[in-house]
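2 protein chains.
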Amino acid sequence: MKELKFGKPMEIENESMHIIRRELEEMGVELPEEHAFVVHRTIHTTADFDYAKNLVFTPHAARRGMEALAAGTTIVTDTNMARSGINAKAMERLGVEARCFMAEERVARRAAQLGTTRAVVSMDLGAEEFPGGIYAIGNAPTALLRMEELIREGRLHPALIVAVPVGFVNVVESKERILALAEERDIPAIAAMGRKGGSTVAAAICNALLYRAGGR
Amino acid sequence: MKELKFGKPMEIENESMHIIRRELEEMGVELPEEHAFVVHRTIHTTADFDYAKNLVFTPHAARRGMEALAAGTTIVTDTNMARSGINAKAMERLGVEARCFMAEERVARRAAQLGTTRAVVSMDLGAEEFPGGIYAIGNAPTALLRMEELIREGRLHPALIVAVPVGFVNVVESKERILALAEERDIPAIAAMGRKGGSTVAAAICNALLYRAGGR
Numbered sequence: 437m438k439e440l441k442f443g444k445p446m447e448i449e450n451e452s453m454h455i456i457r458r459e460l461e462e463m464g465v466e467l468p469e470e471h472a473f474v475v476h477r478t479i480h481t482t483a484d485f486d487y488a489k490n491l492v493f494t495p496h497a498a499r500r501g502m503e504a505l506a507a508g509t510t511i512v513t514d515t516n517m518a519r520s521g522i523n524a525k526a527m528e529r530l531g532v533e534a535r536c537f538m539a540e541e542r543v544a545r546r547a548a549q550l551g552t553t554r555a556v557v558s559m560d561l562g563a564e565e566f567p568g569g570i571y572a573i574g575n576a577p578t579a580l581l582r583m584e585e586l587i588r589e590g591r592l593h594p595a596l597i598v599a600v601p602v603g604f605v606n607v608v609e610s611k612e613r614i615l616a617l618a619e620e621r622d623i624p625a626i627a628a629m630g631r632k633g634g635s636t637v638a639a640a641i642c643n644a645l646l647y648r649a650g651g652r
Numbered sequence: 437m438k439e440l441k442f443g444k445p446m447e448i449e450n451e452s453m454h455i456i457r458r459e460l461e462e463m464g465v466e467l468p469e470e471h472a473f474v475v476h477r478t479i480h481t482t483a484d485f486d487y488a489k490n491l492v493f494t495p496h497a498a499r500r501g502m503e504a505l506a507a508g509t510t511i512v513t514d515t516n517m518a519r520s521g522i523n524a525k526a527m528e529r530l531g532v533e534a535r536c537f538m539a540e541e542r543v544a545r546r547a548a549q550l551g552t553t554r555a556v557v558s559m560d561l562g563a564e565e566f567p568g569g570i571y572a573i574g575n576a577p578t579a580l581l582r583m584e585e586l587i588r589e590g591r592l593h594p595a596l597i598v599a600v601p602v603g604f605v606n607v608v609e610s611k612e613r614i615l616a617l618a619e620e621r622d623i624p625a626i627a628a629m630g631r632k633g634g635s636t637v638a639a640a641i642c643n644a645l646l647y648r649a650g651g652r
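As given, the protein sequences belong to chains A and B, one line each in that order. Using this note's numbering, you'd call the opening residue of the first sequence number 437 and step up by one each time. Using this note's numbering, you'd call the opening residue of the second sequence number 437 and step up by one each time.
Keep in mind that a hint or two might mislead.
[To be verified] Derived pair list, reagent style SDA-like, types lysine to any residue, alpha-carbon separation capped at 20 Å:
no.	chain 1	residue 1	chain 2	residue 2
1	A	489	B	525
2	B	444	A	550
3	B	525	A	543
4	A	489	A	535
5	B	444	A	552
6	A	525	B	444
Read the hints as simulated data drawn from the structure, not as lab findings. Since this is a predicted model, take the numbers as computed values, not measurements.
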């Protein structure tokens, strides 16, 4: 039986990243230097090389996201799962906080009153409390649809949009729409086109930017 | 521009599940009735149809997992991310708790003292406090390797093992090994063979079982 080593997490991560770069090279995939580290970390998190094709970036989205993080911009997520996947030590080092409104009592109450979803109300609260925040959406396409409305109404000016909901209904369209708006308004955005994405992907993208911005 | 509806979450889930079943049928995939609902929910969470092939089950693993949940068995996870992805209301309804030791101060301290990883120490604490728990591992192959040792030493008797770490180093082997041991010892296990998996997959499998066991 092959002896498996209990390696140090950092060594294992380096070895994993080496494998990912090598396999991408073998596939003939060439990524823009500026964004490659985000793609690598997303593949590291998912073991899914589809993200080499799926992830799209508006001009200098990674650099502008890192600048926002270095300035201590709050990250608003659409799930507590995404929030808890963002590296707490890296955030602390940069003075960044991550917030998710979904599970708050007032969100359930307001959603029931308005006959809408908690994801929509969460984005409304985000726009009220962090109109210039980084928005990392890994689950709810309705969160992206609501963000689109809030941006058009001038109530939300995100420093970065991470648009990576996963799923089968409204998901593809919601990502295409927010990306088109981001391009039109010159808002930095990183999106996973197609059906794939998720809370782990949202967190991985935030972590890639946090680490590169000096969080580790 | 196509009008996208802000549908009710449950309606959207039902529509998504319908799409998943239809596309699996179109692909000619036939899943055993007993385990299909777990596969469906995993695909729902990842939009990745690879799980129709990757997910393997020891005999009656889903039924036995549901029985353990219906009896209020604690779920131990290897990440707080997986823990926070498990539906809190569904757990409450069945009297189930989810625990993750990873971020506890004593874990970091003990890992430093012993020169090992926090994942290993987390499993040691799991074995001490919940020797008959459900173990849902979505991240750390070392957690599975340590579980293997603890089971062989007679210190851990899991009610169910959800073995779905993701990654490039030790991951494939750790899942193959725990599955072989589970088969040998007749421990119910659900594993994602290959590199893929993750915290969202671990949570999705637990949620599938919780919902079917009466949590929703």
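Now for the hints, and whether the structure bears them out:
1. Between residue 489 (chain A) and residue 525 (chain B) the alpha-carbon distance is near 37 Å, which puts this suggested pair outside the 20 Å criterion.
2. Distance restraint check for residue 444 (chain B) and residue 550 (chain A): the Cα-Cα separation of roughly 13 Å lies within the 20 Å cut-off, and the hinted pair is therefore satisfied.
3. At most 20 Å may separate the alpha-carbon atoms for a hinted pair to count; residue 525 (chain B) and residue 543 (chain A) meet this at roughly 16 Å.
4. Note on residue 489 (chain A) and residue 535 (chain A): the hinted pairing is violated, with a Cα-Cα distance of about 29 Å set against a maximum of 20 Å.
5. Our distance criterion of 20 Å between C-alpha atoms is met by residue 444 (chain B) and residue 552 (chain A), whose separation comes to about 8 Å.
6. Only pairs whose Cα atoms come within 20 Å are accepted, and residue 525 (chain A) paired with residue 444 (chain B) is rejected, the gap being roughly 36 Å.
Consistency with the previously given hints fails for numbers 1, 4 and 6, ordered from lowest to highest.
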